[in-house]
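Protein chains in written order, with the numbering used here: chain G, 1 to 112; chain W, 1001 to 1112.
When the alpha-carbon atoms are kept at most 25 Å apart in a straight line, the in silico SDA-like pairs for lysine to any residue are as follows:
(1) K40/G <-> S1025/W
(2) K1059/W <-> Q1008/W
(3) K44/G <-> K1037/W
(4) K1067/W <-> S1023/W
(5) K41/G <-> T1085/W
Keep in mind that the hints were calculated from the coordinates and are not lab data.
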Amino acid sequence: DTAVSQTPKYLVTQMGNDKSIKCEQNLGHDTMYWYKQDSKKFLKIMFSYNNKELIINETVPNRFSPKSPDKAHLNLHINSLELGDSAVYFCASSQAPQGPQYFGPGTRLTVL
Amino acid sequence: QQPVQSPQAVILREGEDAVINCSSSKALYSVHWYRQKHGEAPVFLMILLKGGEQKGHEKISASFNEKKQQSSLYLTASQLSYSGTYFCGTEHGSSNTGKLIFGQGTTLQVKP
Chain G
1 DTAVSQTPKY LVTQMGNDKS IKCEQNLGHD TMYWYKQDSK KFLKIMFSYN
51 NKELIINETV PNRFSPKSPD KAHLNLHINS LELGDSAVYF CASSQAPQGP
101 QYFGPGTRLT VL
Chain W
1001 QQPVQSPQAV ILREGEDAVI NCSSSKALYS VHWYRQKHGE APVFLMILLK
1051 GGEQKGHEKI SASFNEKKQQ SSLYLTASQL SYSGTYFCGT EHGSSNTGKL
1101 IFGQGTTLQV KP
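Modelling step: build the complete structure from the supplied sequences, incorporating the hints.
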């Protein structure tokens, strides 16, 4: 059984396009996160939701907009994609905000 | 402020031991340790909370020195499966958001 899943696994798109990444967890966790990992493997928090409420909103361009329709889902929509947005995006979840975080398989976004 | 991990990379033979350090310039509330294999998601290893705790997980253990604002991960009698990049994630203050700031990673390669 997949605990944290993301779709799509790979996303190749042109600059200026809008794209979405979806995340679902079946662990019954209350908290979900979006991370960006760049080509140097630097892992940086972007957003976090706890019980559908936004609790972490890092300094991220407002082209990035998260949405949590329910506790099990956290989606990421990116407008007007730029070359610098190319990275691997990981979704994660935890039972509570300070608990162990369980990561999804990642979405490799390539902007051409 | 990103925590600093040392060493950046280490190569071991099977059965050898290794220590990975994680130092922060800010007071720590907790430290998480994760391992990421190439092309995969980070996997949770353990959490240490302030209080100078030491935790163990089979042959992998960790310590947390609140005074020195650092944590160390100990890998004993290393196995091939230990290869990967190890990240510490630090939490500062008890804001209860789960916001982790990750170090730059330590690449561990275990050779037969």
